[in-house]
Amino acid sequence: MSPWLIVTLALLTYLSRAASLVLLPKPSPRVERVVSRVPAPLFAAFAASSLLTSSRDPASVEAFTAVLVAVAVAVATRTRSLLVILAAGLGGYLLATGVRALV
Amino acid sequence: MIFSGAVQFALLGLLLAGGSPLAILATAAMLNARYVLLGAALRGRLRQPRLRRALLAWWLLDETAGLALASGAGAARVMLLSGILCYSAWVIGTTLGVVGASLASLQGLAEAIFPVLFVGLAALSIVNRTAAIRSGNAALVTVLLIIVFPQARGLAPVIAALAVVLPEAKR
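Quick mapping for you: the protein sequence lines, in order, are chains A and B.
In terms of our numbering, the first sequence is residues 225 to 327.
In terms of our numbering, the second sequence is residues 24 to 194.
Chain A extracted, bound-state conformation (with noise of 0.2 angstroms):
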């Protein structure tokens, strides 16, 4: 791989972060309203992306039980943690292996 890509690549990911947060002026309450609106959204867009592969075929058994079992703890306990979410999501992900051993 070309130095020359890892330099452009690197640039390109910098000056992505960069935009917003240095040639946006600060935004005026309206757009900002709109803006804080985007992070949740997004990052469920992430999550549901992240559970399908690469040939769009759902992810693993265990990877969807972590999923449910972050998503349940997360409505159930209203929780903003993501210590707690993530435990939660290890958990899930422990008992579906587990389960699919004893299978």
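Please note that the accuracy of each hint is not assured.
Stated by the list, open to error - Per the computed footprint, the stretches of chain A lying under chain B, defined by three or more beta-carbons under 8 angstroms from a beta-carbon of chain B, are: (1) 232–239; (2) 246–252; (3) 259–272; (4) 279–285; (5) 291–298; (6) 308–315.
To be verified - Pulled from the structure, derived: some chain A residues nowhere near chain B, Cβ distances all over 10 angstroms: (7) Leu229; (8) Gly322; (9) Leu326.
These are computed hints drawn from the structure, not numbers from a lab.
All C-beta atoms, glycine included, are put in the ideal place defined by N, C-alpha and C.
Based on the hints, put chain B in the right spot on chain A.
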């Protein structure tokens, strides 16, 4: 140098598949489009001068943006600290991979933990029932977009998020 797990994974896949430099750059551009949105969402919370914001931009990741947005005041500090943690973990993980550590047994866990991480970040960002519904809709739209337009997979989450948010902006 390329501090982005998503780009790293995509790069690996494309290199193994013999992808051209142009395909690699186009994929990276699609994957990085999210940072423009996350940066815009964070911009109002960062009152630092332009040079400091330029330095902070290095630490803008999904994880750091999610934590910074949830933190309210002190977003810059949260972004910096979580960014340093993420960067350290990323460098250590990448180095272990380069020197040949065999983590193949963790592949299944890695496959499961990414969507869970994004569920957690979404939960951090959901402030009310409407936001929860919007997030569910974005997840559905993403799946549909990927099924119908697989070549635009990298952009699908960004398009889906905008598709559920922008119509409400008119109200």
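For this session: Hint by hint, work out which the structure violates, then give me just those numbers in ascending order.
Result: As far as the earlier hints go, only 7 is violated by this structure.
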